[in-house]
Every structure is written in C-alpha cells, then in structure tokens.
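Asker: Listed below, chain by chain, are the residues.
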Amino acid sequence: MEFLSNLGPIFTLLGAAFAAFLPGLGSAKAVSRLGQAVNGVLSEQPDLFGRALILQALPGTQGIYGLLTFFLILTRSGIMESGFTAEISWAQGLLWVAAALPIAIVGYLSALDQAKVCETGIALVAKRNDQHARVIVLAVVVETYAIFALLASVLAIFSLG
Amino acid sequence: MDKIKILGLQSDKQSIMQLLQAEGVVELIDTGLTASLATEDDVVEPNSKSSLDREYLLVDEKEQQTISEQELLIRQKQANLESVIIKLDNKYPNISIEPADLRISIQDLLAIKKREKAILSKLEQVQVIEDRESDLAAEREQIQREQDILQDWYDVDINLAQTSTERTVIFLGQLEKSALKQLEDELVELSLAQTVILDLFEGDRYYLTAIIALKEDQLEVDNLLKRYDFNALPIKRQGKPNRIYQANTAQLERIDSYFLELEQELKEIAKNRLDFYILSDYYSVLLDYYAANKIPQNTLYTFSLQGFLPRETSADVVRQIESNYSALVEIQELTTQDDYPIMLKNNPFSGAYQTILEMFGAPNTQEIDPTPGLAPFTFLFFGMMLSDVGYGLLLTLACAFLLWKRKIDATTESGKLVRMLFLSGISSTIWGFVFGGFFGDMLTLLSDKRISFPYLWFNPMDEPQKLLIWSMIFGVIHLFGGMIMRMINEVKYGRISNIIFDIIPWFFIIIGLGMMVGGSSLNITSFNVSELGKWFALGGGVIVLLFAGRDKKNIFSRLISGVGGLYGVINYLGDILSYTRVLALVLATSVIATVVNFLAVMVSGGVIGWIFAILILMGGHMLNLALSGLSAYVHSSRLQYVEFFGQFFEGGGRFFKPFSYQTKRIKLKKENINQQEENNVF
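Each protein sequence line maps, in turn, to chains B and L. For the first sequence, the numbering used here gives the first residue as 1, with consecutive numbering after it. For the second sequence, the numbering used here gives the first residue as 1, with consecutive numbering after it.
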C-alpha cells in the first residue's frame, strides 16, 4: 500500500497544478482573443500598438496569480525541497487542493470575463484614444475578484504551513 | 476664472485672435450663433434685412468659404507631410535631430512660413526619390529574374533573338529529360517528323533544347510542347546568353550605385526632417486659428467674442488688447455658481498626481479640488504595492533620466505620468526598506542564506496576516480622508447639519467596530477597549438611525430611512475589505521576484550557467517590474476612484482648454511673442 501512503504529495501537487493551469488557460484564451481584436484595430491605426498592448496584457495577470499560488504551495508544503517523499498525509493533501480552489476557479473565469471588458475597451480606444486610462480602470474592476481569490488562496496556504 | 467679453473692429479681428492664441490663456466660448444661423434668417425673411446686412452676409459667406478651402488645402499638405515624416522616422530612426529635445522658440515656429515653399519642394523631392526607387527596384527584380534563367543558358552558343528562319520557327526552352523520348515518338506519330530537337545543353534533370519546326506546323508543335511542360525561354534579346548575362550584370551594378545615390540623398533630407516637423505643427496651429476664427460673432464693422480666462492673467490680457487695438474689453468676475471650465493649481508634489484626476474627470465649480487628498495616498499605496528597493530605484532612475537627461516636457500627458512614476518609485524604495525587499529575496538566495536584506518593520512573506490588518487600517485612514474632504465640501455648501448627522457618526461607528474587533489584541489593561468601542459604535448607530431621514415628517418613514442609512455599514465594510488587495499585490510582487531568483539559482554554476542565470535575472525582473508596476499604478488609481472619490466626489465639470499653440511633434519654449513687431503672424 505504498501508493496510498503517498496520496498526500499527489493531492498536493494536483492542487498546485490546478492553481497553475486553470488561470493560465483562462489568461491564454483571454489574451489570444484580445490579440485578435487588437490586430483588427492596428490595421487601421498602427500608432495604437502601445496602448492596445497594455489592454491585451491585462487579463494575463490571472495566469501569473496562478503560477504564484503554484509556487507557494510547492514551497510551503515541502514538495519543493523533498519532492515525492515529503511527509504529507492524504487529508493534508486535500487541504492543499482546497486552498488552491479559489484562485483556480475565479482566476479562470475572471480572465475570460475581463477579456470581454477589454475587448469592447479596445474598440472604444480605437475611436477615442483619450479614453485609454478609463478602459483600464473598468477592466481592473473585474480583476479585483481575481485578487480577492488570490488573497483567499494565499491566506489559506499561509495558515496551512 | 473670469469671463472676458471683447468688442472690436473687424480690421483688428485677425490680430486680436492671433494675440489670444499666442497668449494661450483664454478659452473661447462658441455660442453657436455663427453665420449659418444668420443665413437661415436670411432665407426666411429676405425682405426684412437691410441692404447693408445682406451685403455683409454675402461677404461673410465668402470669407467662410475661402477659409474652408484654405483649411482643406492645409489639411492635404499636412497629411502629405505626416506620411513622409512617418516614413523617414521608420527608415532612419538612428539619424538624430537637432535639437534633440525638439524645443524651438515660437519665432522659429512662425518663421517656418517663409521657408514653406522650399520645404514643400523638398517633400516633393522625397516623393520623387521614392517613386524612382520603387521603379528601380522593379527593374532590378526583372533583370534578376532574367539572370537566374540565363545562368542555365550561359554556355549555350546561340543568338537568343533568332526565333525563326524563312521557313522554320525555333522554340528555345527547357524540356524534362524523361519527356524527350516520348515527345520524339509523338512527333513521329503525328507526322510532324520534320521537326528537329537539338540538345544544346544537358542539365541534371532537363535538356536545354532548340526545337525547330516548319512554319506550317507551328501551331501543332506549340500545343504539343505545352502538353510536355516545355518551359519556353522568355528572353528574346539580341546576342548570346553569356553576353546578355554580362550586360545585365553591368546594368545591375549601375542600378545599385544609383540606388545608393538616392539613399544618400534621402538620408541628407532625413537629417533635416525637423523642418517637416515644424511645418506640420505650424499647420496644426494655423488650423486651430482658422477654427477659432469661426467663433466670433460678426457685424459689418465689428466682431464680438467671449471667453474664459484665469483671474491672474485677465488684467494682462486686457492691457495688451486695449493698448494695441481700439477694442472694448470687459471682465466679469465669475462666482462658483457660474458654469466655467476648471483649471487646477497644485504644488509640485500634488501636481504630479493630477494626472490621475484628469483621467477620471474634472470636479465641478463648487467642490474642493481632490488632488491634495489623492496625492499622498497614491504615493503611499503605489509604494506599498510595489515595495521593493531594487524595483523602486530602477523606476526612479529611469524616470529621472527621462525628466532631466532627455528633458521630457512635464506639462504633456506622458511628462506628467513620468513625474508621477518618479515619485512613486521613491515611495516604492522606501517601502522596500520597510518590508525588506531587494529584487525579492535575491541577496538571500545568491549568498546561500548567509545574508538577507534587512527590514525595518516586518516581512510580509512571514507575517501576511499582519499586513492584511494594516492594509485595512491604511484603508480606513484613506476613507476618513475622503470623509474629511466631504466635510470641507459640506462647509462650502453651508450644510453643517450633514456633517453632524451624516459624517461624524460614521467616524464613531467605524472606529468603534474596529476597537471591538481588534481591541483584545492590543493588550491594554487600564480600560476595556472592546467595551468602549461598543459604545462608540452604538452611539454613532443611534444618531444615524434617528437622523438619516431627518427631512421626513412622518416618524415611521423617518425610522425606515434611518435603517436604510445604517445599511451603509455594508458599503463601508466592502470599501475597507477592498484594501486587502494591497496585501495580495505586495505578495504578488515579491513571490514573482522570488520565482525569478529561484530559477536563476537553479541554472547557475559554471560560466554558461551563470550567463543564463544573469539573463534570467535581468529578463525576469524587468518583466516583474513592468507587470507589478502596472498593477500598482492601476490598483492605486482604482482605490482613489472607487473608494476615495466615492466618499465625496461629485464631478461633472470640464477642464480648461485655452486657445493656444498646440503642437504635436515639436515643443515650444515658454516666451511671449512680440506682437507689436508683426501684426499678422500667419
């Protein structure tokens, strides 16, 4: 039953992987969709590249938050140091999974939703260049919830180990 | 703000408008009562107009028309200029322009008019050169294509122009080796046996052939050859292939040297492209002037004009107009009840953060300028969120370089942003020392945990809960700042009761609730903090409950309003919780930095390993600085817009936009043009 006794590290890594791949996936989808929108705008107004690039990059932060959580889980749980032999019970492993859930789920969904705001924002900036800053702020209001989710995950991680 | 009314002679109109533009302190009021309205009247009652008026209207229409035509012409010229400027900028980004900061005097800007023809002819020259270059490129490509084919035919000793004799036609071309036999067979089959296939040259997979057929067979042979993928030689020039090849080579050299000459010429022009910049901006100024010229209301001999201008400049403007022209100028001092555009005045520190307000929108004429309140908190929160000595110093140095070395204009939009980031970088450095961050934990990792960067207060990575509490405490202070701003506004409006019943109780409620939650951890024994907090909160709550609906007569609806008022506690709670983002962003910055350091240490070791490690460190930290810097900027702005402004800001004003010299590419030195010297500057 060596496998069962190793369930802890497996769960932990699974949780960390969730935190990394779901928001990363969401960010990738969001950034890709925005890149297409930006390409359309650039065909008419190449000068907007700098401004449009920032708007495209905004939903990319969720992926970073996910990676950050991934890294915190690995270091805090001890997997980074001792790998598969780390002493984690299966119940503890599940706790790490639970800690990863907020940023994994909210990160994924909020990246996609933020992309919608950015997408219309790019269309707005194409017409009125001076509205750039406001578009950023509107998009960031969505990101607030990814940040809160990150905060929830991070606080859980810190209280676990 | 004052309102200025000018009544002047038509003959002075141009000069006065130009004076106003040069002064750049008056925002013209477009009353919309321009010629278009007048002509409408003219159509409705043509007979009631006096002859004088009608004469005037005709003149005015003509004037407008010529102005429009001129505008159109200038716009075309400007568009041409801009397209050439963009091309030159893209082609020669390395050729610098003198002066490097593009700062010239207004005289130089206006003097460009004398050289307009010369500059425009230079512009034409650029276009001619470009046309010629594209012709040359096309010719070059054509020759090059010939050369590629001729290379195969180089050793073939025949005249390529020889495509027929008296009774035969000659097909020159390439034939696949495998097709030769079949072709010969089919020629026999179709009784075209008089056709001769000469192998001129044997290549790897093909023959170069001359196929000689009788003229009467030409069509059939041609069709047959098409089926065998016979690749006919497209060159029909006099001479043997090697001769043609050599001639072509010489021609290519001539083209290349000519091309170089043209490039050199273009480069010379690019060195002087400042002239193009100036002329393009001159056109912008001129277009502004024409647009403004449509604003004054005209009669036959006079015009009248209204505008807003800052109070401290009004005396000077009046003096300038009255001393130079016979015009009637009246200044009306505006009160806050009037509607006028907003111009903010702040000290250098707060002024640097004005850009955040400008992004949001102008305050109205009656309320307080939020900038002095917003500035210190943006400074604080930006610094906390980035909080790294390394990143802070990098940001500060980069902005200092832009401000003092590159002399970026601090009055432009980007200049203001750089000024704000400069201060924010300083704040980040300070907070970096407070939290002990230098490129994350770079020192600790690189020294193998022997030394670590010291912190002045605590390390958020070790005690995140502590920072969580403190971000909310800073948030409460920020909200209180907003409430104080609201109190100042209420004093301005003279609504003291709002302060007593709507604002002060909330101070007690928030502080009281805070004491109830955190009192036990304060270790104060002389009195019971939680108990005191409870009474604070209760007292405040009762005042809100009783007085939130104080304008209602009915006791029940008044109490219901009071309960609704108490519901505001949810809003405050939401606002305060929103500040926890500070913790998340502090952690995000330092954890990403840690990951970068971790990766670098992982690959380090050996020369190649260290090269990679350094590359990872530089790239990773630059990326983190960009991302975390953007987050810090955006989220500290958001805290202002939603939480801080939510307390007091009404807005709805518009910013002061004086009629002035607006240039896009060059910058103007601040000096006044001597108006007396030349009345018509354009």
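Treat the hints as calculated values from the structure; they're not laboratory data. These numbers were taken from a predicted model, which means no experiment stands behind them. Idealized CB from N, CA, C, for every residue including glycine. Misleading hints may appear alongside valid ones.
[Said to hold, decoys possible] With a Cα cut of at most 30 Å, we get these calculated DSSO-like pairs of lysine-lysine:
id: 1; chain 1: L; residue 1: K492; chain 2: L; residue 2: K113
id: 2; chain 1: L; residue 1: K91; chain 2: B; residue 2: K127
id: 3; chain 1: L; residue 1: K492; chain 2: B; residue 2: K127
[As the list claims (entries may be wrong)] The following residues of chain B were derived to be distant from chain L, with all beta-carbon distances above 10 Å:
id: 4; residue: G40
id: 5; residue: A91
id: 6; residue: L94
id: 7; residue: A123
id: 8; residue: V137
id: 9; residue: I147
Asker: Please go over all the hints and tell whether each is borne out by the structure.
Answerer: Status of the hints after comparison with the structure:
Restraint check for K492(L) and K113(L): not satisfied, since their Cα atoms lie roughly 51 Å apart, outside the 30 Å limit. Straight-line distance between C-alpha atoms of K91(L) and K127(B) comes to about 28 Å, which keeps the hinted pair within the 30 Å bound. With a C-alpha separation of about 39 Å, the suggested pair K492(L) and K127(B) falls outside the 30 Å cut-off, and the hint is violated. Every CB of chain L lies more than 10 Å from the CB of G40(B), the least distance being 21 Å, so the non-interface label holds.
With a closest Cβ-Cβ approach of about 24 Å to chain L, A91(B) is found to remain outside the 10 Å limit, as its non-interface label requires. At roughly 22 Å, the least C-beta separation between L94(B) and chain L is larger than 10 Å, which holds for a residue marked as non-interface. The claim that A123(B) lies off the interface holds: its Cβ sits roughly 19 Å from the closest Cβ of chain L, which is beyond the 10 Å cut-off. A cut-off of 10 Å between C-beta atoms contradicts the statement that V137(B) is not in contact with chain L; the least separation is 6 Å.
With a least CB separation of 5 Å from chain L, I147(B) falls inside the 10 Å interface cut-off, contrary to its annotation.
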